[in-house]
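There are 2 protein chains.
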Amino acid sequence: MLNLTNIVDEGLSWLDGTGPHSDIVLSSRVRIARNIAGYHFQSGIGSYESLDIMKKVETTLSTRGYLKEGAFIELADIDDIERKLLLERHLISRELLGQFKNSGLIVTDGGKLSLMIGEEDHLRIQSLMSGFILDECWKKVENMERDLGEALDYAYHPRYGFLTACPTNTGTGIRASILIHLPGLVLTKEIGKVLRGISQIGLTFRGIYGEGSDVMGNYFQISNQTSLGKTEGELMDHLSKITNQVVEYETNAREILIRDARIQIEDKIWRAFGILKYARAITPEEGMNLMSAVRLGVNLGVIEGLTISTLNNILMFSQYGHLEWEAGRPLNKAERDVRRSARIRKLLANDEVL
Amino acid sequence: MLNLTNIVDEGLSWLDGTGPHSDIVLSSRVRIARNIAGYHFQSGIGSYESLDIMKKVETTLSTRGYLKEGAFIELADIDDIERKLLLERHLISRELLGQFKNSGLIVTDGGKLSLMIGEEDHLRIQSLMSGFILDECWKKVENMERDLGEALDYAYHPRYGFLTACPTNTGTGIRASILIHLPGLVLTKEIGKVLRGISQIGLTFRGIYGEGSDVMGNYFQISNQTSLGKTEGELMDHLSKITNQVVEYETNAREILIRDARIQIEDKIWRAFGILKYARAITPEEGMNLMSAVRLGVNLGVIEGLTISTLNNILMFSQYGHLEWEAGRPLNKAERDVRRSARIRKLLANDEVL
Chain U
1 MLNLTNIVDE GLSWLDGTGP HSDIVLSSRV RIARNIAGYH FQSGIGSYES
51 LDIMKKVETT LSTRGYLKEG AFIELADIDD IERKLLLERH LISRELLGQF
101 KNSGLIVTDG GKLSLMIGEE DHLRIQSLMS GFILDECWKK VENMERDLGE
151 ALDYAYHPRY GFLTACPTNT GTGIRASILI HLPGLVLTKE IGKVLRGISQ
201 IGLTFRGIYG EGSDVMGNYF QISNQTSLGK TEGELMDHLS KITNQVVEYE
251 TNAREILIRD ARIQIEDKIW RAFGILKYAR AITPEEGMNL MSAVRLGVNL
301 GVIEGLTIST LNNILMFSQY GHLEWEAGRP LNKAERDVRR SARIRKLLAN
351 DEVL
Chain S
1 MLNLTNIVDE GLSWLDGTGP HSDIVLSSRV RIARNIAGYH FQSGIGSYES
51 LDIMKKVETT LSTRGYLKEG AFIELADIDD IERKLLLERH LISRELLGQF
101 KNSGLIVTDG GKLSLMIGEE DHLRIQSLMS GFILDECWKK VENMERDLGE
151 ALDYAYHPRY GFLTACPTNT GTGIRASILI HLPGLVLTKE IGKVLRGISQ
201 IGLTFRGIYG EGSDVMGNYF QISNQTSLGK TEGELMDHLS KITNQVVEYE
251 TNAREILIRD ARIQIEDKIW RAFGILKYAR AITPEEGMNL MSAVRLGVNL
301 GVIEGLTIST LNNILMFSQY GHLEWEAGRP LNKAERDVRR SARIRKLLAN
351 DEVL
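Chains U and S, in that order, give the protein sequences.
For the first sequence, the residue numbers in the working numbering are 1 to 354.
For the second sequence, the residue numbers in the working numbering are 1 to 354.
Check before you lean on any hint, since a few could be wrong.
[Claimed, not checked] Residues on chain S that point at chain U, a partial pick, calculated with CB under 8 Å:
| no. | residue |
| --- | --- |
| 1 | I263 |
| 2 | E266 |
| 3 | D267 |
| 4 | W270 |
| 5 | R271 |
| 6 | I275 |
| 7 | A281 |
| 8 | F317 |
| 9 | Y320 |
| 10 | V338 |
| 11 | R339 |
| 12 | A342 |
No wet-lab data here; the hints were simulated from the structure.
Since we're looking at a predicted model, the values are computed, not measured.
In this text, a Cβ means the ideal position worked out from N, Cα and C, and glycines have one as well.
Throw the hints in and build the complete structure from the sequences for me.
Here it is as structure tokens:
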């Protein structure tokens with residue numbers, strides 16, 4: 001069993017911002033849902049069954065070298081604040097926040113690959129990486145799925161494909177998504193058209209915190225809506241193609257902005273930087289919007305000396321759960337806003353902005 | 001005759017912020033109006049008369065050592081931009097912007113003492129100094145008035161006192177004013193009450209740019225309204241007493257703010273600093289408001305390492321006329337906003353803020 005304290009370092013690898021197109025696409029994520037044949041689905045599962053799955057998974061991964069480094073966490077062993085931390089790292093889902101009996105999380109491959117046990121489905125394998133790199137994510141997920149499949153018997157229907165608790169996941173059980181930053185399209189008011197287009201071709205967009213979350217800071221998650229009736233390859237190609245298009249639209253929008261409104265854009269960018277650098281209380285919404293402007297500034301070369309990695313770290317560490325985790329206790333809203341601004345100032349101080 | 005190019009260095013001495021109470025009272029100003037007996041008032045004056053007055057004044061001041069250093073400027077010799085510069089230095093009045101034939105300005109005593117010739121009245125002697133220091137200003141004005149009076153015959157009526165073009169100046173011909181910064185009273189919403197009180201006791205308040213100007217950046221000019229029927233001493237005492245009271249109210253308001261709303265105030269202050277330090281376009285109104293918050297921050301010890309002198313310099317050099325003077329040409333509004341922000345950034349870079 002791996003060391004539990006590792007979790008605080010996990011799920012951060014994408015923050016380095018080294019992936020392809022990471023000036024626009026922050027991260028790529030692929031996850032698949034699998035259930036084990038012969039066991040009840042999660043909604044009706046017994047404790048003995050859960051434990052059995054957990055053990056089998058651990059043994060299988062262990063013998064295949066997955067658990068040499070990383071973390072294996074039983075959700076029951078960690079507290080609310082730590083669970084919130086993992087949620088914000090996209091390592092567990094909202095479902096696992098409340099329902100954690102016989103649930104587990106395995107993080108491996110420098111945080112690029114993880115496995116939720118006992119979420120809505122028995123298994124959720126996920127890969128999360130920096131930049132626009134869906135194919136690499138899929139490779140990692142596929143490898144783990146194959147390795148586990150050698151020891152476990154996945155619930156599969158010859159006509160429908162892999163069976164899942166929620167019908168939208170049935171089929172390949174795959175969900176692929178990219179987290180994309182679109183300030184140019186928002187500022188040029190083209191975003192509505194682009195998002196409508198996305199919705200019409202079987203993709204869906206959400207805010208940065210997934211289903212039901214508001215769009216903040218011009219960050220959008222774009223993902224496939226269903227996985228039934230298509231191969232993994234088809235789904236991934238479709239999302240990649242559309243993402244390429246959106247990246248192109250965004251690039252054009254940025255060029256137009258800097259051509260037609262350079263002063264206004266530079267002013268907006270530098271003001272955002274000034275406020276982030278000096279404010280003493282920042283709400284999540286404001287923080288996201290300011291960071292969006294500053295990220296645009298770095299991408300456009302308006303701000304020099306500030307790294308994407310610092311911005312990604314701010315995005316991560318200024319979150320609710322991360323602030324509470326650092327404080328070691330629950331925080332009220334006013335306390336969070338103050339600590340958020342302090343955290344941001346500290347992270348910005350790492351870079352020498354010219 | 002003194003060197004004309006000197007004017008650009010004149011009228012700046014109060015910017016050092018070394019005067020008493022200069023955390024609240026930026027500057028004190030005393031000016032008196034005098035007309036020379038036997039000459040027409042300005043409204044009906046002939047060229048020969050004007051020239052004659054100008055020469056007599058120059059000779060008198062010269063023999064008394066006033067013109068060893070400083071500037072003697074004939075308004076007709078300088079252009080619109082330079083006149084605007086002098087207006088913003090409070091060295092000439094709006095009247096002299098347009099009507100400058102046979103008008104002159106003498107600046108001496110490190111800019112603390114000046115004399116307008118051919119404004120609304122034949123002579124306007126003025127002293128402008130840092131902080132709350134009306135008595136010193138009055139002394140300087142009184143000395144020059146006496147020295148000039150030894151050679152010139154002031155128009156005087158035994159019942160009304162010194163005669164002036166505008167009846168509100170008749171009597172002592174004195175106007176005393178202080179430029180005071182009252183962000184505490186504005187933020188605690190006490191300012192209305194205080195200003196109403198001031199108006200009821202024969203004083204008047206204006207914006208930083210004098211009669212008819214808007215209040216900006218929480219700066220107020222408080223001055224006596226009339227000078228008839230009172231001695232200089234009484235007028236000065238009255239204004240001093242009220243100023244002392246307002247300073248006390250302001251001090252209390254600041255204490256209440258920092259006690260009851262420290263985080264909000266600190267946040268407001270630091271945000272203002274961040275924007276001033278990084279913005280790329282700043283309007284006059286915004287600039288004044290941001291500087292007001294930063295000045296409060298320096299006064300309260302929230303911002304360390306920034307000097308009042310730097311803030312006073314920003315107040316001075318970010319003005320319309322100063323920006324045009326530096327550019328050497330008229331500027332449109334967008335250009336001014338961009339140059340204003342650049343000037344502010346440059347001045348702030350002189351200090352190392354902790």
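Hint check:
{"no.": "1", "hint": "I263", "in the structure": "holds, 6 Å"}
{"no.": "2", "hint": "E266", "in the structure": "holds, 5 Å"}
{"no.": "3", "hint": "D267", "in the structure": "holds, 4 Å"}
{"no.": "4", "hint": "W270", "in the structure": "holds, 4 Å"}
{"no.": "5", "hint": "R271", "in the structure": "holds, 5 Å"}
{"no.": "6", "hint": "I275", "in the structure": "holds, 5 Å"}
{"no.": "7", "hint": "A281", "in the structure": "holds, 5 Å"}
{"no.": "8", "hint": "F317", "in the structure": "violated, 20 Å"}
{"no.": "9", "hint": "Y320", "in the structure": "violated, 19 Å"}
{"no.": "10", "hint": "V338", "in the structure": "holds, 6 Å"}
{"no.": "11", "hint": "R339", "in the structure": "violated, 11 Å"}
{"no.": "12", "hint": "A342", "in the structure": "violated, 11 Å"}
Hints 8, 9, 11, 12 from the earlier list are contradicted by this structure; the remaining hints agree with it.
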